[in-house]
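Chemist: Starting from two chains that each stand alone, build the complex the way the hints lay out.
The chain contents come next:
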Amino acid sequence: MSDAMIARAAPRTARRADTLGLVVATIALAGLGIALPALGVSGYVRTLVYYGAFYLALGQAWNIMSGLTGYLSFAHGALSGIGAYGLVIAMNADWPMGASLAAAGGAAVLASLVIGATSLRLRGAAFTFATLFFQELMLLAVRKLPFAGGPGGLVLEQILPEWIAYVGMILLAAVATIGFALIRRSRLGIRVLAIKGDEDAAASVGIAATRLKLILFCVSALVAGLAGAVHALFTASLYPDVAFSVDLSLIALAVPLIGGVATASGPALGALLYVGLRELLQLFAPSAHLTILGLLLLAVVLFMRDGIGPTLARLLRWAR
Amino acid sequence: MSLALQLLVNGLVSGGLLGVAALGVALIFGVMRVVNFAHGEFITLGAYATWLLVSQLHLSPLVGLPVAFVLGGLVGVVVQAVVLSRVTGRPELDVLMVTYALSVLGLGLFAQGFGGDFRSYAEGPRGNLDIAGAIIGWRSLTVLLACVAMSGATLLVIQRTRLGLGLRALAQNRDSAATCGINVISAERLAFGLASGLAAAAGCLVSMIGTTTPNVGHDLVLDAFVVVILGGMGSISGALVGALALGLVQSVVGYALDDSWSRMVAYLLLYLIILLRPQGLFGRAAA
Chain A
1 MSDAMIARAA PRTARRADTL GLVVATIALA GLGIALPALG VSGYVRTLVY
51 YGAFYLALGQ AWNIMSGLTG YLSFAHGALS GIGAYGLVIA MNADWPMGAS
101 LAAAGGAAVL ASLVIGATSL RLRGAAFTFA TLFFQELMLL AVRKLPFAGG
151 PGGLVLEQIL PEWIAYVGMI LLAAVATIGF ALIRRSRLGI RVLAIKGDED
201 AAASVGIAAT RLKLILFCVS ALVAGLAGAV HALFTASLYP DVAFSVDLSL
251 IALAVPLIGG VATASGPALG ALLYVGLREL LQLFAPSAHL TILGLLLLAV
301 VLFMRDGIGP TLARLLRWAR
Chain B
1 MSLALQLLVN GLVSGGLLGV AALGVALIFG VMRVVNFAHG EFITLGAYAT
51 WLLVSQLHLS PLVGLPVAFV LGGLVGVVVQ AVVLSRVTGR PELDVLMVTY
101 ALSVLGLGLF AQGFGGDFRS YAEGPRGNLD IAGAIIGWRS LTVLLACVAM
151 SGATLLVIQR TRLGLGLRAL AQNRDSAATC GINVISAERL AFGLASGLAA
201 AAGCLVSMIG TTTPNVGHDL VLDAFVVVIL GGMGSISGAL VGALALGLVQ
251 SVVGYALDDS WSRMVAYLLL YLIILLRPQG LFGRAAA
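The listed protein sequences derive, respectively, from chains A and B. Going by our numbering, the first sequence opens with residue 1, and the numbers climb by one from there. Going by our numbering, the second sequence opens with residue 1, and the numbers climb by one from there.
One chain only, chain B, in its complex shape (with noise of 0.2 Å):
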């Protein structure tokens, strides 16, 4: 019994983690139909910023989660403004091409930078919490509890405010959208800033329960590709019901094998879905 809760609540933790890099990924890609492979650069960024903050400053991690989160989002205006709003509308060989150039370009830059190693550090929420036998860290808590307040405060933005509107408007369609007076330049721009802080922020949770290298977001966002298209491409609670089922499956596979099996499940789980469902669970089949 123990065991079974241990491995939901490791599951809960990676799944929620998972979780929020997919919601940028599912945002990005319902609002400017960009699969944005740079996606998991933003996360290592903001891994590296909270370490930096922890290691140089002395600063608790914590105090990461907004700075990377507000760093995360202004780089990615810009790499909108200045990149991807160059593609716009080009053959889809061209945007998947920029997103990948600009990830092979973070993934030279972290390494150039910071070097192969592994970067942690303890500062921060420690110590652990028993429930009914399964062994809880803080820091696991922690993380957990800020990955459902990001996810809970982007759906609320998202379906209950004005901005929300113009931007599910914009992922239902274009040129309604456009047509009733909704700026598509500057929502285009805020959903990629958006998402783009949600993953530097996600990165700062990852720097507090793992080891963080030039790799590391990069890493997290194959999966999250996995849980995106699993939900249905586009589709933000579809991305997050996928996220947690995700975890789950990894936590589980993980205990019973090893790390890269419970990753291979994961990868081999993506050929299943386009052969049987390439619209995803919950998505709509394509007109």
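So here's chain A without its partners, still in its complex pose (with noise of 0.2 Å):
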């Protein structure tokens, strides 16, 4: 049975508390992690919350995308430091913040157009390849260009006070959450699990597939692009090597992989378990990281197809 079989199966109604469950829920999180300053946490935390909601709100980018659609992205790290790029030379020309995120997103969305559009008309690997060849050449190519900074990369001139990435942060994880959860909900998003469950049954019901995977890689982008920006804000310098890094399409990938692909609530699992795997790691083996991460994604796909989330919900019911 499909994802989108069983999106049409289940009742109206009890899709809808299950959407509205997760709204208020999320907005409850998002609301207790802003108010976690406040509450006079220390500053570790704050760093974990904030590393938390960028882990989030870029697995919910890659999720919008290739949850949906089934098609691999490994681009959404160089989304993201276009975002973040583009957020630094816009606020160094003196644009007010607005239009900077404005134009990051923005920017990121227009390279999501030129990967798409060239490679979502085909089936297959080619969107993989356009996207891991992208994230390639990214990197190559900031590091030539000169209003980019070269190799040394940029520094955001003003200085901004540390709550408003991190309000920022939060907020976008938040919306991101809410938003793959309403765009799953919709036609759009039925339509797209189709496509994932059957490319040619859904084409010849009159889905246009190549468009509809236009529309979410652009919202996806979009997302990137905005965590990018606001992580740019975050740290206040760039280098590309770190902005552009594989790493950051690595956790885009894993985050939602390891919680649950395809839900709403998996990549904030993911987000979570990463956080406190990387802080564990950095405690107990620092030189592992790839390594651990590596044998987790391989036993998640081999073992946990949906994700540790729906995994563990099974093992409990079945124990009981």
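Think of the hints as simulated: they come from the structure by calculation, not from any bench. We put the beta carbon where it would ideally sit given N, CA and C, even for glycine. Wrong hints could be hidden among the right ones.
[Unchecked claim] Stretch-level coverage of chain A by chain B, calculated; a stretch enters the list once three of its residues show a Cβ under 8 Å from a Cβ in chain B:
| hint | stretch |
| --- | --- |
| 1 | 135-143 |
| 2 | 286-292 |
[As the list claims (entries may be wrong)] The calculated SDA-like cross-link candidates involving lysine to any residue, where the alpha carbons are at most 25 Å apart (straight line), are:
| hint | chain 1 | residue 1 | chain 2 | residue 2 |
| --- | --- | --- | --- | --- |
| 3 | A | Lys-144 | B | Tyr-271 |
| 4 | A | Lys-144 | B | Ala-256 |
| 5 | A | Lys-144 | B | Thr-211 |
| 6 | A | Lys-144 | B | Ser-262 |
| 7 | A | Lys-144 | B | Gln-112 |
| 8 | A | Lys-144 | B | Asn-128 |
| 9 | A | Lys-144 | A | Thr-235 |
| 10 | A | Lys-144 | B | Arg-168 |
| 11 | A | Lys-144 | A | Gly-106 |
| 12 | A | Lys-144 | B | Leu-272 |
| 13 | A | Lys-144 | B | Arg-189 |
| 14 | A | Lys-144 | B | Val-265 |
| 15 | A | Lys-144 | B | Ser-260 |
| 16 | A | Lys-144 | A | Ala-236 |
| 17 | A | Lys-144 | B | Leu-269 |
Modeler: Following this line, the structure appears as structure tokens:
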């Protein structure tokens, strides 16, 4: 049974209640996160919460495209890097912050249109290759571009209070999570899940597969670009090797895959686990980061296809 | 004139290495319909194995060639049997994720085991050959000859033996091949092992003319993917022709501009192919 059929089969009221619950929970958690500094938690906890929100925003961005359509993207790190550079270049040119954020998101969407228009009309691995090479190409290109600071990177000239990036990232992660849930529930979401299930069958009932995939990729790139832009406010300095690091693309796909791909709550669990794992590894095995992540991804794809969350839920039901 | 000759030889050497790497990618895709993102990690495996042989056991790097081939082949067969065979028939996303996770795991293991240092050695063929003003190192020449020999041997196996006939049948039509009595499971395992062995042997050659880092194979395989797409996914002769072409182009661009431009040219080429001729230069249009 495909995801689309399950989505259809569930009674409309039940789906509505699920979404409502998720929206309420997301708003409550985001409110708690924003209130944490006022409750007097340490800077360490604040940083962890911030990174959790950053990874969640990246993960939901990936989830909107790859989770729903099944087309694997390796470019979300590069899309967020474009957002970061867009924001810093715009703000250093004395643009107001709102306009700079819009420019950052716009730049990422433009990039996604370029990748998507070349590769999304094709089936199979073409899109994956296009994203993989886009990631590599951006890193090489940004090191060469004089207005992007070359290999030395860029510094955000304006000094901003720390809470702006903190609150901004939590809001972005919350909006992306709610947005994902709404997209998945919408007609668009159901049609896209039909594409994931069987693209030929979907096309034969009149679903414009290429256009829908492109729309989702643009939305996804917007979220990734904004995440990168807000993160640039947080770090205030950009280096090509960090902003366009393959690690960010890896995190963007690991977070939803670990937590539960194509679900709204999965990436939240994934982001939580990933931040926890990262801290533990930094303490006990700093060099084992990639090895552990590779093993974890392998285990999830081989044995827990729908992620750790749903697998745990099944185990609990089975144990009772 | 001597400059043109020099660029030609440099292009042939890097094109030859690229060809052996691309051969494996094309073989795996043709037979198993799997895009193997972990192919580069087999190259790195061969490079580190050779470096260990040379630096620890003081053997000639040429000994590394058969050792790397056997080691890569064995690891490949194990990986295919333990991991990849579990995802045959699953959605493409799963298969891509598995080979990608294997690649991440490999990168992690090499970084952990060997650190980020650049490893190289001075042993092995040395000295230069002067042909009409072009200086050609014996090392480069050895690498080129080994690449030609390996590609030639692989083509012979695929075109002239019963085993190759089975692999070609499998690449053409899985179901018909299975009906004709070809053991699909062992043929896939063998193809993957052969491709991994070739990759590791290429890694031995890479360690001879370059420096070995945890990313060395990963970077080479990105170019190999360009070549395989250029030649038509799964077409082995297309991949070899594409590899020589890209090697020559990169040699010229690398000389005229710099190394990162030559990589950018390769990646931009990929977008052009996807846009204009997605089935590759020699591939047939998808049905």
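Chemist: It remains to establish, for every hint, whether it holds in the given structure.
Modeler: Going down the list of hints, with the structure as the test:
1. 135-143: Three-residue rule met by the stretch 135-143 of chain A, so holds; n is 5.
2. 286-292: holds (count 6)
3. A:Lys-144 - B:Tyr-271: 20 Å, holds
4. A:Lys-144 - B:Ala-256: 16 Å, holds
5. A:Lys-144 - B:Thr-211: Roughly 24 Å separates the two Cα atoms, so the pair holds.
6. A:Lys-144 - B:Ser-262: OK: Lys-144 (chain A) and Ser-262 (chain B) at ~13 Å, within 25 Å.
7. A:Lys-144 - B:Gln-112: Measuring from Cα to Cα gives roughly 31 Å; hence the hint is violated.
8. A:Lys-144 - B:Asn-128: 35 Å, violated
9. A:Lys-144 - A:Thr-235: 22 Å, holds
10. A:Lys-144 - B:Arg-168: 44 Å, violated
11. A:Lys-144 - A:Gly-106: Since the Cα atoms of Lys-144 (chain A) and Gly-106 (chain A) sit roughly 22 Å apart, the hinted pair holds (cutoff 25 Å).
12. A:Lys-144 - B:Leu-272: 21 Å, holds
13. A:Lys-144 - B:Arg-189: 43 Å, violated
14. A:Lys-144 - B:Val-265: 14 Å, holds
15. A:Lys-144 - B:Ser-260: Since the Cα atoms of Lys-144 (chain A) and Ser-260 (chain B) sit roughly 9 Å apart, the hinted pair holds (cutoff 25 Å).
16. A:Lys-144 - A:Ala-236: 21 Å, holds
17. A:Lys-144 - B:Leu-269: 18 Å, holds
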